[in-house]
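Chains as they are written, first to last, in this note's numbering: chain A, 1 to 362; chain B, 363 to 699.
If you are wondering where the hints come from, they were derived from the structure by calculation, not from laboratory data. Owing to the predicted nature of the structure, the values given are computational and were not obtained by experimental measurement. Backbone N, C-alpha and C fix where the C-beta goes; we use that ideal spot for every residue, glycine too. A few of these clues could be false.
[Unchecked claim] DEER-style ranges, computed between Cβ atoms:
#  : chain 1 : residue 1 : chain 2 : residue 2 : range
1  : A       : 269       : B       : 370       : 34 to 42 Å
2  : A       : 329       : B       : 484       : 27 to 35 Å
3  : A       : 334       : B       : 455       : 40 to 48 Å
4  : B       : 575       : A       : 53        : 30 to 38 Å
5  : A       : 307       : B       : 548       : 50 to 58 Å
6  : B       : 484       : A       : 339       : 40 to 48 Å
7  : B       : 381       : A       : 26        : 44 to 52 Å
8  : A       : 310       : B       : 470       : 33 to 41 Å
9  : A       : 184       : B       : 673       : 46 to 54 Å
10 : A       : 15        : B       : 575       : 57 to 65 Å
[Unchecked claim] Just a sample of chain B residues kept apart from chain A, beta carbon distances all over 12 Å, derived:
#  : residue
11 : 491
12 : 506
13 : 654
14 : 678
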Amino acid sequence: MRFLTEFRQPALAEALAERIRRWSGPPVSLMEVCGTHTVAIFRHGLRGLLPPQVRLLSGPGCPVCVTPNREIDKAIALASNPGVILATFGDMMKVPGSYSSLAEAKASGADVRVAYSPMEAVEIAQGNPKKAVVFFGVGFETTAPTTAASLLEAKRLGLRNFFFLSAHKLVPPALMALLEAGEVRIDGLICPGHVSTIIGSRPYEFIPRDYAIPCVISGFEPVDILQAIAMLLDMRAEGKAEVAIQYRRAVRPQGNPQALETMAGAFQVGGAEWRGLGPIPQSGLHLRDGMEAFAAERHLEMKIRPPREAVACRCGEVLRGLINPPECSIFGTGCTPEHPVGPCMVSTEGTCAAWFLYKPGG
Amino acid sequence: MPRARVLLGHGSGGKLTHQLIESLFLSQLANPILKALDDSAVFSVDSRGRLAFTTDSYVVRPLFFPGGDIGRLAVCGTVNDLAMVGATPLYLSAAFILEEGLPLADLRRITASLKGAAREAGVKIVAGDTKVVERGSADGLFINTAGLGLVPEGVDISGSNARPGDAVILSGPIGNHGISVLLERQQMGFVSTVKSDVAPLNLLVAAMLQASPNIHALRDPTRGGLATSLVEMARQSGVAIRIHEGKVPVDEEVAAACEILGYDPLYVANEGKLIALVAPQDAPGVIRAMKKSPYGRQATIIGEVLAEPRGKVLMATRVGGTRIVDMLSGEQFPRIC
Numbered sequence: 001m002r003f004l005t006e007f008r009q010p011a012l013a014e015a016l017a018e019r020i021r022r023w024s025g026p027p028v029s030l031m032e033v034c035g036t037h038t039v040a041i042f043r044h045g046l047r048g049l050l051p052p053q054v055r056l057l058s059g060p061g062c063p064v065c066v067t068p069n070r071e072i073d074k075a076i077a078l079a080s081n082p083g084v085i086l087a088t089f090g091d092m093m094k095v096p097g098s099y100s101s102l103a104e105a106k107a108s109g110a111d112v113r114v115a116y117s118p119m120e121a122v123e124i125a126q127g128n129p130k131k132a133v134v135f136f137g138v139g140f141e142t143t144a145p146t147t148a149a150s151l152l153e154a155k156r157l158g159l160r161n162f163f164f165l166s167a168h169k170l171v172p173p174a175l176m177a178l179l180e181a182g183e184v185r186i187d188g189l190i191c192p193g194h195v196s197t198i199i200g201s202r203p204y205e206f207i208p209r210d211y212a213i214p215c216v217i218s219g220f221e222p223v224d225i226l227q228a229i230a231m232l233l234d235m236r237a238e239g240k241a242e243v244a245i246q247y248r249r250a251v252r253p254q255g256n257p258q259a260l261e262t263m264a265g266a267f268q269v270g271g272a273e274w275r276g277l278g279p280i281p282q283s284g285l286h287l288r289d290g291m292e293a294f295a296a297e298r299h300l301e302m303k304i305r306p307p308r309e310a311v312a313c314r315c316g317e318v319l320r321g322l323i324n325p326p327e328c329s330i331f332g333t334g335c336t337p338e339h340p341v342g343p344c345m346v347s348t349e350g351t352c353a354a355w356f357l358y359k360p361g362g
Numbered sequence: 363m364p365r366a367r368v369l370l371g372h373g374s375g376g377k378l379t380h381q382l383i384e385s386l387f388l389s390q391l392a393n394p395i396l397k398a399l400d401d402s403a404v405f406s407v408d409s410r411g412r413l414a415f416t417t418d419s420y421v422v423r424p425l426f427f428p429g430g431d432i433g434r435l436a437v438c439g440t441v442n443d444l445a446m447v448g449a450t451p452l453y454l455s456a457a458f459i460l461e462e463g464l465p466l467a468d469l470r471r472i473t474a475s476l477k478g479a480a481r482e483a484g485v486k487i488v489a490g491d492t493k494v495v496e497r498g499s500a501d502g503l504f505i506n507t508a509g510l511g512l513v514p515e516g517v518d519i520s521g522s523n524a525r526p527g528d529a530v531i532l533s534g535p536i537g538n539h540g541i542s543v544l545l546e547r548q549q550m551g552f553v554s555t556v557k558s559d560v561a562p563l564n565l566l567v568a569a570m571l572q573a574s575p576n577i578h579a580l581r582d583p584t585r586g587g588l589a590t591s592l593v594e595m596a597r598q599s600g601v602a603i604r605i606h607e608g609k610v611p612v613d614e615e616v617a618a619a620c621e622i623l624g625y626d627p628l629y630v631a632n633e634g635k636l637i638a639l640v641a642p643q644d645a646p647g648v649i650r651a652m653k654k655s656p657y658g659r660q661a662t663i664i665g666e667v668l669a670e671p672r673g674k675v676l677m678a679t680r681v682g683g684t685r686i687v688d689m690l691s692g693e694q695f696p697r698i699c
């Protein structure tokens, strides 16, 4: 694991920062799509190293943040059923739905369990044959293969008490929706490293082709991110727009065929609702034909009230890169990590949480 | 109202815990001794000296983990709370809440480990209690320990005694306990040799006190990690603390596990480490003394105390940036992105 120190070398970082500071072109706005990038940028204090004419915007790449209230309401409704155990990733626990959160439902008696991997939910189902066990799956292409693998394993085991509620989403269609809406000027995209280890670089090719925006797939160490920014600036200086891979130690153009095959074995692509972005066609993962036996919505009772949004919360605009978190009137006052109003303050990869925790320039 | 209930996050040792303590417990139970909010209460019984008194409950899952178990933890945690106010730990009580069905062999093993830790720390278990609750009411077993110690004359150590200019000393690499427990609990399929650092630190502290009369504050960064403990001390003393990322030791395997999981090692729990805020001229001598102890061999200066901004902790990052370090908020969870 020596690679970690290698990608945090001060001299290397300083040389890249100096190269970025020499940018003499017009002001540019570069969007980091992924929540892990957002956190890494704040954790390492990278914004402070950039000149004012190079601005970073945070995009819709936090899977918890883009999960709409309705999906969370469904999970809470399922968990509130006394015959149900609901398992999900820890980050989902505190996200407020329309009326409460999974953490509050758990404190009120619902059997909600934090799973560190979807396979744990399968094990819970095996150990609790009299209960219906629902895995509430959230995440982008990074986590979808492991969820798919757990579903295929449940099928192989012939489990009849294991169910799945999907909030899995796909990144490229969301980027297309964001660029198509044209609400925010983006001069370059720092594309997500983990997602790209699965899907490769090809699904982003429409971005330079149709929108003339350069893309760099980046790793998560400070040197990775600074190099990705320098590569984007180089492309802008040369008037080029391509998809480049900075994260070569993990990403190949064709992605990971085995993971993609596993995903295809359990899921099919369909429309999905995104917080802040609304419905986006072909952006969600649903159970494929032949896997209907696992559909929680089909087999389990679930009473939900109409969803509602917190009036003052501006997470939707944060997710679209339209505002920075401090521009929201409740940021840091009515909305904090302990008492979050919107999901961007809840998730460890949420933009608001990163701004609140690390306070840029502090 | 669902919001009016206790959430798991209230026990994380971070901000929610502090809010609960301040808004509920302190507001009703406050007195000058409790309000000091140090790891142990320190008070005079009569003119002969001062006592340190503390209590803690242990609810770790799994009960056995690489490098330790709940029995060793229950002794070390309480001994360390006494040591962090400069006290010499003397007597402990141990109360067991056992869940129906717990294998007696496990209880025997845990008790033997508890005995071993007490012997190592030089304390006696002089009182105890046993309760059994129905299956499903506890996670195997819970242990509560209380501890009593004597604060030597002239020793005045408190989280509120930090002074600008003090050196921030850390006794060794962080994150081993939290990561070892997490990997053991979740069986994530990592091949790992990470072991918990759980250890009694009273002899280390005794050696430090021999080396310097100018140790102002001590704290063992347990739940909430190094970051939360530093913020607590900065707030208690009304000072700022600046640490340097490149100087904070993290074992390679712990760093790698944190990287894969998306954890920040600054917030991962420790059970055998301490932070000392020491007058700068005494820091080299204190470190020399620490290095002679098995639990301080990797002691090092990681930062300094500043006058401003009061109550804040800053970190100079390896790549030349600066960031604010805040308390843990809720629990850390593996990234899903």
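* To do: List, from low to high, the hint numbers that the structure doesn't satisfy.
  => 2, 4, 5, 8, 9, 10, 14
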